[in-house]
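Residue numbers (the working numbering), protein chains in the order written: chain A, 3 to 223; chain F, 3 to 223.
In short, the hints are calculated from the structure, not lab data.
Misleading hints may appear alongside valid ones.
If chains are identical, the list can't say which one is meant, so a pair holds when it fits in one copy or spans any two.
As a list, the in silico DSS-like pairs of lysine-lysine whose alpha-carbon atoms are at most 30 Å apart [as the list claims (entries may be wrong)]: (1) Lys-110 / Lys-173; (2) Lys-192 / Lys-143; (3) Lys-143 / Lys-16; (4) Lys-143 / Lys-160; (5) Lys-192 / Lys-161; (6) Lys-161 / Lys-143; (7) Lys-160 / Lys-192; (8) Lys-192 / Lys-16; (9) Lys-160 / Lys-173; (10) Lys-64 / Lys-161; (11) Lys-160 / Lys-16; (12) Lys-16 / Lys-64; (13) Lys-64 / Lys-160; (14) Lys-110 / Lys-192; (15) Lys-173 / Lys-64.
2 protein chains.
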Amino acid sequence: MPILVVDVGGNNVKLRLSDGEEVRRVPSGPHLRPGTMVERVRAATADWAFERVSVGVPGPVKNGRLVDEPANLGGGWLAFDLEHAFGVPTRVVNDAAMQALGSWEGGKMLFLGLGTGLGSALVVEGLVLSLELAHLPYRRKRTYEDWLGTRGLERLGKKRWRAAVVDVVAKLAAAMVADEVVLGGGNVRKLDTLPAGCRRGDNERAFLGGARLWDSGWRVL
Amino acid sequence: MPILVVDVGGNNVKLRLSDGEEVRRVPSGPHLRPGTMVERVRAATADWAFERVSVGVPGPVKNGRLVDEPANLGGGWLAFDLEHAFGVPTRVVNDAAMQALGSWEGGKMLFLGLGTGLGSALVVEGLVLSLELAHLPYRRKRTYEDWLGTRGLERLGKKRWRAAVVDVVAKLAAAMVADEVVLGGGNVRKLDTLPAGCRRGDNERAFLGGARLWDSGWRVL
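So here's chain A without its partners, still in its complex pose (with noise of 0.2 Å):
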């Protein structure tokens, strides 16, 4: 049964069948709102069969819900019923938390996704953890997002924001007891070299990540 993997990120969003290869784009941002998102997603993939969807979205969820506003997109996403809109059975997980959970491939790994903002999740055999580190204090009053997110790259420029990348991810990995980091999001390409410890996430993961939310074999906390 084919599973329609949605990873709504914060430029945009992207979608792939589970048993398919190719992947469709639609525009996400700053002012994306839930429904907008659906109209579009169903607009893009009228051709395709499928019969679940796994949705990652860029913001807090529990139990498979939401439990606040993702910050930056629109709102709306709350309140509002992702699987009614759908029309089929459809799990929602944090984004972050969908593509660490495609990379994972052993021992404790911490995933942090260097985007828009700054997704992280904690992935150990059979369990996917979601975290919200992004929002703690890390320097001059700023959070790890400020210095991380694509705000801090533009605020501090390349070189200084890999100086950041570099100890953020050694405070982390020492704070999690990590055995390995996977560093995943859009502007991981702007790290011409990896902290130590540190392994290259790849985007195609989340997919991956959405067709296992529906393996009995994962949970996802």
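Let chain A serve as the given structure and place chain F on it in line with the hints.
Then chain F, alone, in the frame of chain A:
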């Protein structure tokens, strides 16, 4: 088969048998080395019969082994073989993780131990994740432990320390997307009211945690 549970704190080492009621104490402190600890424990428990030992230590543990020296004890812990010294099968776990394991009642529980240092662990059904949140930066170039540990309490005074506890608990609970926070450690008694969403820990739960360490239904990572 009785288990000896050894809870190594910053001020004393607490001992109890998994099937007993009596708690015994031997001294700890910033100069405590592991060989001394084992000698004191063996002397204090010479009349107790046990065939396994669980040891909770205030330092970062991965896969049953310390990966760094405990910050608030003496040296020599990293290289020391506790199992060899006790002469029976021995499991080593972070002290906060041990109390957290015994404190879990459901959901996604964050444990914070307000003691000499600041212990932390995350527990979900069947799994304990040791954390080391203590050494992350918090405010004014000081870490969470600098603010919430005993030195923070002494520096800030009770009133400002309590305000810091409320703020840090809210921030860390959000960052971990926790359902519940359990506040343990010796200094929790200095809080007259608990922050919202918090439950008071009980040091006795560390002994339950030490027994659960040998239960195959639980993994500690």
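We went through each hint and held it up to the structure:
{"no.": "1", "hint": "Lys-110 / Lys-173", "verdict": "both (16 Å within a copy, 23 Å between copies)"}
{"no.": "2", "hint": "Lys-192 / Lys-143", "verdict": "both (25 Å within a copy, 28 Å between copies)"}
{"no.": "3", "hint": "Lys-143 / Lys-16", "verdict": "neither (34 Å within a copy, 40 Å between copies)"}
{"no.": "4", "hint": "Lys-143 / Lys-160", "verdict": "both (21 Å within a copy, 24 Å between copies)"}
{"no.": "5", "hint": "Lys-192 / Lys-161", "verdict": "within (10 Å within a copy, 45 Å between copies)"}
{"no.": "6", "hint": "Lys-161 / Lys-143", "verdict": "both (21 Å within a copy, 22 Å between copies)"}
{"no.": "7", "hint": "Lys-160 / Lys-192", "verdict": "within (8 Å within a copy, 46 Å between copies)"}
{"no.": "8", "hint": "Lys-192 / Lys-16", "verdict": "within (21 Å within a copy, 51 Å between copies)"}
{"no.": "9", "hint": "Lys-160 / Lys-173", "verdict": "both (20 Å within a copy, 29 Å between copies)"}
{"no.": "10", "hint": "Lys-64 / Lys-161", "verdict": "neither (36 Å within a copy, 33 Å between copies)"}
{"no.": "11", "hint": "Lys-160 / Lys-16", "verdict": "within (26 Å within a copy, 51 Å between copies)"}
{"no.": "12", "hint": "Lys-16 / Lys-64", "verdict": "within (22 Å within a copy, 37 Å between copies)"}
{"no.": "13", "hint": "Lys-64 / Lys-160", "verdict": "neither (34 Å within a copy, 34 Å between copies)"}
{"no.": "14", "hint": "Lys-110 / Lys-192", "verdict": "within (25 Å within a copy, 35 Å between copies)"}
{"no.": "15", "hint": "Lys-173 / Lys-64", "verdict": "both (25 Å within a copy, 16 Å between copies)"}
Checked against the numbered hints above, the structure violates hints 3, 10, 13; every other hint is satisfied.
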